[in-house]
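Undergrad: The chain contents come next:
2 protein chains.
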Amino acid sequence: MALKARALYNFQSENKEEISIQENEELVIFSENSLDGWLQGKNSRGETGLFPASYVEILRSRSSSSYTDYSNSPAGSPGHDSSFCVHPPNTSISNQGSFEDDDDDDWDDWDDGCTVVEEPRSGPGTNGHPSPHLQYPVVYPSQNAGYRPKPALERQDSISSSKRGSVVGRNLNRFSCFVRSGVEAFILGDVPLMSKIAEAYYIEMGSKGPQWRANPHPFICSVEDPTKQTKFKGIKSYISYKLTPSNITSPVYRRYKHFDWLYNRLLHKFTVISVPHLPEKQATGRFEEDFIEKRKRRLILWMDHMTSHPVLSQYEGFQHFLTCRDDKQWKLGKRRAEKDEMVGASFLLTLQIPTEHQDLQDVEDRVDSFKAFSKKMDDSVLQLTNVASELVRKHLGGFRKEFQKLGNAFQAISHSFQMDPPYSSDALNNAISHTGKTYETVGEMFAEQPKNDLFLMLDTLSLYQGLLSNFPDIIHLQKGAFAKVKESQRMSDEGKMDQDEADGIRKRCRVVGFSLQAEMNHFHERRMADFKRMMQSYLKQQIIFYQRVSQQLERTLLMYDNL
Amino acid sequence: MALKARALYNFQSENKEEISIQENEELVIFSENSLDGWLQGKNSRGETGLFPASYVEILRSRSSSSYTDYSNSPAGSPGHDSSFCVHPPNTSISNQGSFEDDDDDDWDDWDDGCTVVEEPRSGPGTNGHPSPHLQYPVVYPSQNAGYRPKPALERQDSISSSKRGSVVGRNLNRFSCFVRSGVEAFILGDVPLMSKIAEAYYIEMGSKGPQWRANPHPFICSVEDPTKQTKFKGIKSYISYKLTPSNITSPVYRRYKHFDWLYNRLLHKFTVISVPHLPEKQATGRFEEDFIEKRKRRLILWMDHMTSHPVLSQYEGFQHFLTCRDDKQWKLGKRRAEKDEMVGASFLLTLQIPTEHQDLQDVEDRVDSFKAFSKKMDDSVLQLTNVASELVRKHLGGFRKEFQKLGNAFQAISHSFQMDPPYSSDALNNAISHTGKTYETVGEMFAEQPKNDLFLMLDTLSLYQGLLSNFPDIIHLQKGAFAKVKESQRMSDEGKMDQDEADGIRKRCRVVGFSLQAEMNHFHERRMADFKRMMQSYLKQQIIFYQRVSQQLERTLLMYDNL
Numbered sequence: 001m002a003l004k005a006r007a008l009y010n011f012q013s014e015n016k017e018e019i020s021i022q023e024n025e026e027l028v029i030f031s032e033n034s035l036d037g038w039l040q041g042k043n044s045r046g047e048t049g050l051f052p053a054s055y056v057e058i059l060r061s062r063s064s065s066s067y068t069d070y071s072n073s074p075a076g077s078p079g080h081d082s083s084f085c086v087h088p089p090n091t092s093i094s095n096q097g098s099f100e101d102d103d104d105d106d107w108d109d110w111d112d113g114c115t116v117v118e119e120p121r122s123g124p125g126t127n128g129h130p131s132p133h134l135q136y137p138v139v140y141p142s143q144n145a146g147y148r149p150k151p152a153l154e155r156q157d158s159i160s161s162s163k164r165g166s167v168v169g170r171n172l173n174r175f176s177c178f179v180r181s182g183v184e185a186f187i188l189g190d191v192p193l194m195s196k197i198a199e200a201y202y203i204e205m206g207s208k209g210p211q212w213r214a215n216p217h218p219f220i221c222s223v224e225d226p227t228k229q230t231k232f233k234g235i236k237s238y239i240s241y242k243l244t245p246s247n248i249t250s251p252v253y254r255r256y257k258h259f260d261w262l263y264n265r266l267l268h269k270f271t272v273i274s275v276p277h278l279p280e281k282q283a284t285g286r287f288e289e290d291f292i293e294k295r296k297r298r299l300i301l302w303m304d305h306m307t308s309h310p311v312l313s314q315y316e317g318f319q320h321f322l323t324c325r326d327d328k329q330w331k332l333g334k335r336r337a338e339k340d341e342m343v344g345a346s347f348l349l350t351l352q353i354p355t356e357h358q359d360l361q362d363v364e365d366r367v368d369s370f371k372a373f374s375k376k377m378d379d380s381v382l383q384l385t386n387v388a389s390e391l392v393r394k395h396l397g398g399f400r401k402e403f404q405k406l407g408n409a410f411q412a413i414s415h416s417f418q419m420d421p422p423y424s425s426d427a428l429n430n431a432i433s434h435t436g437k438t439y440e441t442v443g444e445m446f447a448e449q450p451k452n453d454l455f456l457m458l459d460t461l462s463l464y465q466g467l468l469s470n471f472p473d474i475i476h477l478q479k480g481a482f483a484k485v486k487e488s489q490r491m492s493d494e495g496k497m498d499q500d501e502a503d504g505i506r507k508r509c510r511v512v513g514f515s516l517q518a519e520m521n522h523f524h525e526r527r528m529a530d531f532k533r534m535m536q537s538y539l540k541q542q543i544i545f546y547q548r549v550s551q552q553l554e555r556t557l558l559m560y561d562n563l
Numbered sequence: 001m002a003l004k005a006r007a008l009y010n011f012q013s014e015n016k017e018e019i020s021i022q023e024n025e026e027l028v029i030f031s032e033n034s035l036d037g038w039l040q041g042k043n044s045r046g047e048t049g050l051f052p053a054s055y056v057e058i059l060r061s062r063s064s065s066s067y068t069d070y071s072n073s074p075a076g077s078p079g080h081d082s083s084f085c086v087h088p089p090n091t092s093i094s095n096q097g098s099f100e101d102d103d104d105d106d107w108d109d110w111d112d113g114c115t116v117v118e119e120p121r122s123g124p125g126t127n128g129h130p131s132p133h134l135q136y137p138v139v140y141p142s143q144n145a146g147y148r149p150k151p152a153l154e155r156q157d158s159i160s161s162s163k164r165g166s167v168v169g170r171n172l173n174r175f176s177c178f179v180r181s182g183v184e185a186f187i188l189g190d191v192p193l194m195s196k197i198a199e200a201y202y203i204e205m206g207s208k209g210p211q212w213r214a215n216p217h218p219f220i221c222s223v224e225d226p227t228k229q230t231k232f233k234g235i236k237s238y239i240s241y242k243l244t245p246s247n248i249t250s251p252v253y254r255r256y257k258h259f260d261w262l263y264n265r266l267l268h269k270f271t272v273i274s275v276p277h278l279p280e281k282q283a284t285g286r287f288e289e290d291f292i293e294k295r296k297r298r299l300i301l302w303m304d305h306m307t308s309h310p311v312l313s314q315y316e317g318f319q320h321f322l323t324c325r326d327d328k329q330w331k332l333g334k335r336r337a338e339k340d341e342m343v344g345a346s347f348l349l350t351l352q353i354p355t356e357h358q359d360l361q362d363v364e365d366r367v368d369s370f371k372a373f374s375k376k377m378d379d380s381v382l383q384l385t386n387v388a389s390e391l392v393r394k395h396l397g398g399f400r401k402e403f404q405k406l407g408n409a410f411q412a413i414s415h416s417f418q419m420d421p422p423y424s425s426d427a428l429n430n431a432i433s434h435t436g437k438t439y440e441t442v443g444e445m446f447a448e449q450p451k452n453d454l455f456l457m458l459d460t461l462s463l464y465q466g467l468l469s470n471f472p473d474i475i476h477l478q479k480g481a482f483a484k485v486k487e488s489q490r491m492s493d494e495g496k497m498d499q500d501e502a503d504g505i506r507k508r509c510r511v512v513g514f515s516l517q518a519e520m521n522h523f524h525e526r527r528m529a530d531f532k533r534m535m536q537s538y539l540k541q542q543i544i545f546y547q548r549v550s551q552q553l554e555r556t557l558l559m560y561d562n563l
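Going down the list, the sequences are from chains A and B. Here the UniProt record's numbering is used: the first residue of the first sequence is 1, the next is one more, and so on. Here the UniProt record's numbering is used: the first residue of the second sequence is 1, the next is one more, and so on.
Heads up, some of the hints might be wrong.
What the hints assert, rightly or not - Now the stretches of chain B that chain A is said to cover, found in silico as 3 or more residues with beta-carbon under 8 Å:
no., stretch
1, 364-372
2, 388-398
Stated by the list, open to error - Below, a list of computed lysine-lysine pairs in the DSS-like style, where the Cα atoms sit at most 27 Å apart:
no., chain 1, residue 1, chain 2, residue 2
3, A, Lys405, B, Lys376
4, A, Lys401, B, Lys451
5, B, Lys257, B, Lys228
6, A, Lys405, B, Lys405
7, A, Lys532, A, Lys376
8, B, Lys405, A, Lys540
9, A, Lys242, A, Lys294
10, B, Lys294, A, Lys405
11, A, Lys401, B, Lys257
12, A, Lys208, A, Lys507
13, A, Lys375, B, Lys437
14, B, Lys242, B, Lys328
15, B, Lys437, A, Lys451
16, B, Lys401, A, Lys540
17, A, Lys401, A, Lys540
18, B, Lys540, A, Lys405
19, B, Lys236, B, Lys331
20, A, Lys451, B, Lys405
21, A, Lys437, B, Lys236
22, B, Lys437, A, Lys540
23, B, Lys540, A, Lys437
24, A, Lys451, B, Lys401
25, A, Lys328, A, Lys257
26, B, Lys405, A, Lys16
27, B, Lys331, B, Lys228
28, A, Lys532, B, Lys401
Simulated from the structure, these hints should not be mistaken for laboratory data. Quick caveat, the model's predicted, so the values are computed rather than measured. We treat Cβ as the ideally placed atom computed from N, Cα and C, and that holds for glycine.
Could you put the whole structure together from the sequences, leaning on the hints where they help?
TA: Right under this line is the structure:
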């Protein structure tokens, strides 16, 4: 009777209504119908609760084989380290309609009623789908029929590749981000140069290699005052945030769903950039103060990362999001962003790279070293996240309780001392009773402290977990491009390909290589600044905390002096 | 096959070899033969280990009835609140030979080979047995046969009372401390006035009622340098402590067994005084540093209490213990103390009380209020002991572990940051790594901290647990005496007793009342001083601790300044 499912990814519960699930864990599903993208069920530890529908695969007799069908990687395709590349989907991605925000059925006046943004049919060979969630097979319409496909690699169930070929073998793993991002098509020269490209993002050589040229009009933006708003005479509620960019005088007000719209635009457009994840959604408690506070703190960090990024901060859609205060203009700008053609692989056409020669092997080594680093950093960020989360629990639970128990025990001593009045010293009893109260206060201070230090640490760590989880796919793009260069060079050496064409592939691969290096460079710069700030802030708050505790105790100690 | 036993008292395990047992808990005994006074067995929670043999009663079919035989209290005897009065025996009491110290088979040169001190046959009607352990029925030889015993209250199994009677009914509960301490006999005038009484202890009226007159030659005494000594060519080991009384230039060296000898003398002699318990024995780990350190700290507190007590500090046996440095003199002094006739009830003859009138009812009210106080204080001391013990465990375990885990996580972050050298900042990595080490240090500081604060608190609380556990018996003596006064007055009113005799009883009861009030007064004075000191010391050490933590963090924070 009970439906079974298998967890595709790890999911960590963040609320008491949710349950954690482990990759490959078998689950019991109470109903196949998801509620706002959440399913209710039971995990193997017997816990029952909610988990994201998209994190699990419902087990049916026929489904298991079709799943594994997609995972075989044909020879000649770049080595795809799937354990590293395939990451759980960002829970913020809502372009499947099932993962909508808390107020998705509550249409904004600005909204045109379409939350599932249509794929921008910007041209053949491009597809702006950087999400690990794939619902539809990617279609590459035939365009350059001069090459015959290799029959041995032909896949009958593929709608696309049979119609088009190239001397350089195509990667038949349709789940490879190299393929679905369109970067393969770009490398092979299949993404046509547009007649007029309005945008240009520059990469220049810095002291540590390629770097994004700074935004000529840098700015920051505050996120403040999450405020509960109602509409339809109070039937619908939502939270609006006040955003004030530093280069503009008056603020705009945005809802999480607007952030989410923007986020999806960013994902579509910026193929080779690590777009910061939005703070997580949660199934319940959307209007609880702690949740709103947490979302605000994380939106601030997200915004800081956006404005600090030389490319993202200049994106027209972002500027529109930050400045538009007119309903009609909003709709126009929104439509414009959604019709943007320079997304996905075409975005690579907007990049202006230095002419400087870079040895491909050097770049590959650099990327490998970044890959190892980012894997290790991902592990250590997870480790610190777990420790810090556990510390939060200890602060709210164990630590508070211990100090409260101590406080109560002191008060009990004081109380007993009052029971034999002729021999009792009021001053001493008061001092001991006050010591008891002080330790209760210290217990409360412990419980409050995470708001001052650990929460900020966890926010930063969460941002970095998101950024780091993007890199495997981005690195995979570069790996794929490199493989194509090597293959084309080999074919050119063997006389099976024009040197011109091989040079074209190499040239386009440089664009991918430069952009990845610029992105690595930017990541490192931000990481150093962010972790320095995070550590400093944590230590400062800890120092203040321990000083406050000792000051509390000092004041209490004074009470014993006059006895 | 397995022997069963029933716990007579609560016993709290203090070592991993020991198990806790609860009063009335049924236990399985592995062997009836005790090892150094400890039995091995299993409690009802399935824990196996050691517990004191004297805390349990081995269950045999015939034993259960004989045990309950003793508990019925005949009419006319003072109400005996057994739940309050009957306390577990102090584990230090070793006069049954089964509870010897760690080195009991290792005779000191001074020792005459007799650890089981003979009952000083000081005279009829006295018995210096304040311990709740009773091995022998107490014998009251006939002396005043002018009164006929009441046949209805006659007990055939009693060796004593049948031969002697009094108009005032005797308490037939031979386990009553009122009876076995000899105070009943004293009140009834059965303790003869000695021809020459060398000692005299004075009670005077102070602002808060009767108080012991201060020792005219006050002193303190240090307990230092626990040193492991060997004898018999290293076969036997023991720890010696250096004692230096403030009024004497050169120290003496004493072992725990000497303390124990003295303690047993004090118990025999000072019926109405709350003798501080010696620090507990333990079955294992006698020579472990922590245990030696703990015993030393507790001997210091014990010594402080001894020297602070106006009566105890003047006791000849104590003076002998503190000053004798000659083998022969030691034996002589020891023998003298053991032959002391002014012990138990006779000790009451040495008390000189003020002539001031006290209303008996007032005294009784005062005692009742002290009784309620001491019960409540006992509870709160136990509560604080439990909380503090748990805090010690947390400091050594959970707190240390949390900070170490945080330290490790920071170090892992720093380690990951070193993996991409061209983009790596050594200064930042070092700062983060150092932060990790700092939190490991903070973890160690947490683990070390109980030595600075909680241990001292637990030492003080342990001393007071001992002192408080003495009071129910002492209060019971006074209650018994009061009952006798009322009874004799009634009989005198009814013409069944000479007024002279009734007056004698009332007069002797005043001695008991004054001494108890002096003892209550002394207890309160010490309690106020000790708890003030304990709380001050705890707070001071806590302040130092939190300041040290924040200083550690401050130094670490500086490392981020120059990045």
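Undergrad: Taking the hints in turn, state whether each one holds.
TA: Hints versus structure:
1. 364-372: holds (count 4)
2. 388-398: Holds: 5 residues of the stretch 388-398 of chain B have a Cβ under 8 Å from chain A.
3. Lys405/A - Lys376/B: holds (17 Å)
4. Lys401/A - Lys451/B: Roughly 22 Å separates the two Cα atoms, so the pair holds.
5. Lys257/B - Lys228/B: holds (14 Å)
6. Lys405/A - Lys405/B: holds (25 Å)
7. Lys532/A - Lys376/A: Holds. Lys532/A to Lys376/A sits at ~18 Å (cutoff 27 Å).
8. Lys405/B - Lys540/A: Holds, because 20 Å separates the two Cα atoms, which is no more than 27 Å.
9. Lys242/A - Lys294/A: Answer holds: Lys242/A to Lys294/A is near 15 Å, not above 27 Å.
10. Lys294/B - Lys405/A: The given pair, whose Cα atoms are some 24 Å apart, holds under the 27 Å limit.
11. Lys401/A - Lys257/B: Cα-Cα ~42 Å, so violated.
12. Lys208/A - Lys507/A: holds (22 Å)
13. Lys375/A - Lys437/B: Within the cut-off at roughly 23 Å; holds.
14. Lys242/B - Lys328/B: holds (20 Å)
15. Lys437/B - Lys451/A: holds (24 Å)
16. Lys401/B - Lys540/A: Measuring from Cα to Cα gives roughly 22 Å; hence the hint holds.
17. Lys401/A - Lys540/A: Judged against 27 Å, a Cα distance of about 25 Å means the pair holds.
18. Lys540/B - Lys405/A: holds (20 Å)
19. Lys236/B - Lys331/B: holds (22 Å)
20. Lys451/A - Lys405/B: Status holds; Cα separation ~20 Å.
21. Lys437/A - Lys236/B: Given that 27 Å is the threshold and the Cα spacing comes to 51 Å, the pair is violated.
22. Lys437/B - Lys540/A: Within the cut-off at roughly 17 Å; holds.
23. Lys540/B - Lys437/A: Given pair Lys540/B, Lys437/A holds - Cα atoms ~17 Å apart, limit 27 Å.
24. Lys451/A - Lys401/B: holds (22 Å)
25. Lys328/A - Lys257/A: Roughly 18 Å between the alpha carbons, so the hint for Lys328/A and Lys257/A holds.
26. Lys405/B - Lys16/A: holds (25 Å)
27. Lys331/B - Lys228/B: The given pair, whose Cα atoms are some 23 Å apart, holds under the 27 Å limit.
28. Lys532/A - Lys401/B: holds (25 Å)
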